[in-house]
Every structure is written in C-alpha cells, then in structure tokens.
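Peer 1: Sequence:
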Amino acid sequence: RAAAWNCCGLEKRLQSQRDSSALGDFLATRRPDLLFLSEVKMARERGDVSHCPKEEGDRRRILRAESTCLAGYECTFALGLKRAAGSAVLWRDGSAPRRLWRYLPDDLDAPPSDACDEDGRVLLTEWPSLLLLHTYSPNVGQTPESYRRRTNWDARVAEWAEHAASWASARGLAVVYMGDLNCAPQHEDVTWCRCNPKNRRGCACPLDACAQGSGATAGWMLAQHPSATDDGGFTGQNGVSPNERRGFAELLRRGGLVDAFRHHHPAPAGCPPPDPFADDTFSYRGWPGNDERDPAFAKYYRRGMRIDHALVSAALLPRVVACNILGAGESCAGAGFMGSDHAPIVLCLARGTSPRAADIS
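All you need for my numbering is the position in the sequence shown, starting with 1, plus 14.
No lab work stands behind these hints: they were computed from the structure. In this text the structure is predicted, and so the values were computed from the model without any measurement. Positions of the beta carbon are idealized from the N, C-alpha and C atoms, including for glycine. Hints may contain errors.
Keeping only pairs whose Cα atoms sit at most 25 Å apart, straight-line, the calculated DMTMM-like set for lysine to aspartate or glutamate is [said to hold, decoys possible]: (1) Lys-26 - Glu-344; (2) Lys-26 - Asp-47; (3) Lys-55 - Glu-159.
Between beta-carbon pairs, the in silico distance windows are [what the hints assert, rightly or not]: (4) Trp-301 - Ala-57: 18 to 28 Å; (5) Leu-114 - Arg-365: 17 to 27 Å; (6) Ala-364 - Leu-114: 18 to 28 Å; (7) Asp-107 - Ala-364: 15 to 25 Å; (8) Pro-256 - Gln-31: 39 to 49 Å; (9) Ala-57 - Ala-336: 34 to 44 Å; (10) Arg-267 - Gly-86: 35 to 45 Å; (11) Pro-280 - Ala-129: 35 to 45 Å; (12) Ser-183 - Val-335: 18 to 28 Å.
Could you build the full structure based on these sequences and the hints that come with them?
Peer 2: Structure representation (structure tokens):
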C-alpha cells in the first residue's frame, strides 16, 4: 500500500495538533507501507546540512513530532535550495528500499549519487520487484519562462519514463509513478462551475446553471488566462491547459503507464462531471473564505481538480486492488485533507510474483 500526499508544508502540519493528529490517524488506519510527501516547504539549510539531509539528520533536526504521529516510519528528504517545494518519503521501519535517487538518473544501472533535483521535486526508489517514482511536478504558472519550464519538465519526465519502462521490463520490474503531477487530464477531472452567484468573477457558465448548481462543462476552469499564449496552448486554469494535458497523455504513452484511479473509477459518460461534494474524485479543493458566514466568497471554494495521480505499468494492473482519493467536502476544510489543500491518493497492490507483484500491500 503506497500513498502520495501534497502536505502543503510538513513542519506546519506537524506543529498543528489537529493536523498531526489527523495524520497519525491516517497512518494508523490506512497503514501505508510507503508515504510520499510533496511540497514539504523546507530548504536544505533547515536541515543544517550542506546538501540533501540524511535520515539521521532529518530525524533529529526536523521531525520533532516523530515520536508521535510518525512513529514506526523511517524518512528521507529531497530538498531544494529554496523553501517552495521539496519532497519526502516515509517507509515502515525495517523495510528500506534497495536504492534511492533524488533525481531522474540517466543510467539506472549506476549507483545513485548524492545529487538532488534543484527544487527537491524527485524521489525514486527501487524495491525487489518495483521501481517507484514520486515527483512534485512544477505548476505551469503564467509567464513565458514558467511555460518553458513546465514544457521541458514534461518532456524530460516522459523521456525518462520510456527509458525506465524498458529498463524495468528487462529486469522483471514494474513501474509505479505517484505524486502531485499538477495536471487534470480530462474535463471530468475538474469540477463543473457550481459557483455561488455572489462570486461570479470570470465565470463562463450561464447564470442559471451557476444558480442551480449545474452546468454543461467545467467552464470556469477552462476559461481562465484566455490570452496566456498566442496559440492558446496554456489557456485555462493551471493544470487543465491543452499543453499540460498533451504532456500527460504523452507520459502515459511513452511510459506504457495506466491511470490506476481511472482504471478503478471510470469517468462518467457525458457532462457534467461528478458533484465534488458527493464523491472523492478530486484530490485538490479550494480553500474556504475567511468569512465563516459566507465561505463562498473565496475564489476556489467549491472548485476541485484531480491532479494527484497513481500511474502503473500496464502489466501491474492485475495486482491493483484499489486506488482511492480520500478527500471529501465542499472545500479542503472537509474530511481527509489533514490541513492541506490536497487529499492523499492511496494505491493498494496485491502480493504476487514478479514482474506484476508489489513488495507493498
């Protein structure tokens, strides 16, 4: 059983009694063998080390709450020079991976080096029959520079996934790729408008659709940043633009990967997409407003996207028992988010024989 969660600041989650208690309950009830964390928001200097901190340093200097909610897990980080991103992976005591990289290696046969992705966005672990990649993919942003960065990232990851698939298959391994990939690949992966009439700025849905809580498309999300590029490739809310969706499709194609969540939860035919308050389709949901009397004044209240993913080699599909997103409610103040604006995605794999078996269950 492997989980991935954008925690939106690990230290903040651990310092909050409510959030750390919720995280402890999640670990106790769901019992993931692996938990990948993205957006830990810690820079390398926070670990008082010159490079990526090692496990013992992490435990002593950073994870002050380890004796409570994180007890029973080992942890290591991939941290950047800045505080904005950063990743971590926790595994059960006594079950360390064979190898671990903090970057995408060109040569998977070579021993891992001490190098680290500059933003701490990559953690790759090798297990007896699995190669597990976690990334915190960069947000596309709204500038030409950020567009180029995301385009280059998507191309690099797709190229690496193709290489990794070939390498893993030749060695009887399967590939799993989890994390906040910052892309909602289809219209069904974003909420339809359902906005409060008091907060209609930029809404593309008809007034009656908004007022009645229904709509034909995810119009609001798709209408954002209409002049982002001359060709319209990055038009839309970050995560739903045509270029990002093409990059996601190319990743699946070149890596021979399957969207495990959609394999177990097929998208409903036609529009509108599911009601975000009635199921757990969307891993990201907006923050409620500060005004408790009317939280709908918040821009992203009642809006959600499925941007956290679990992708698996096609050969591994027979061993995928379940793949679920755990969040619920009108916003990230609902159940399952544990203080973040993202809910965990959990992938459950049955044990079996290589190459379609998991070392975790």
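Peer 1: Given the hinted pair Lys-26 and Asp-47, is their Cα-Cα distance within 25 Å?
Peer 2: holds, 23 Å
Peer 1: Could you say whether the range 15 to 25 Å given as a hint is met by the Cβ separation of Asp-107 and Ala-364?
Peer 2: Distance hint for Asp-107, Ala-364 holds at roughly 23 Å.
Peer 1: Would you say the C-beta atoms of Ser-183 and Val-335 sit inside 18 to 28 Å of each other?
Peer 2: holds, 22 Å
Peer 1: Between Ala-364 and Leu-114, does the C-beta distance stay in 18 to 28 Å?
Peer 2: holds, 25 Å
Peer 1: Given a hinted range of 17 to 27 Å, is it respected by the beta-carbon distance of Leu-114 and Arg-365?
Peer 2: holds, 22 Å
Peer 1: For the pair supplied as a hint, Lys-55 and Glu-159, is the alpha-carbon distance within the 25 Å limit?
Peer 2: holds, 22 Å
Peer 1: Taken at face value, is the distance from the CA of Glu-344 to the CA of Lys-26 at most 25 Å?
Peer 2: Holds. Lys-26 to Glu-344 sits at ~23 Å (cutoff 25 Å).
Peer 1: With respect to the beta-carbon atoms only, verify the hint that Trp-301 and Ala-57 lie 18 to 28 Å apart.
Peer 2: Since Trp-301 and Ala-57 have Cβ atoms about 24 Å apart, the given range 18 to 28 Å holds.
Peer 1: Does the Cβ distance between Arg-267 and Gly-86 fall inside 35 to 45 Å?
Peer 2: 39 Å Cβ-Cβ, so the 35 to 45 Å window holds.
Peer 1: Evaluate the given range 35 to 45 Å for the C-beta pair formed by Pro-280 and Ala-129.
Peer 2: Given a distance of about 40 Å, which is inside 35 to 45 Å, the answer is holds.
Peer 1: Check the following: the C-beta atoms of Pro-256 and Gln-31 are separated by a distance inside 39 to 49 Å.
Peer 2: holds, 43 Å
Peer 1: Honestly, do Ala-57 and Ala-336 meet the 34 to 44 Å range at C-beta?
Peer 2: holds, 36 Å
Hint compliance for this structure: no hint is broken.
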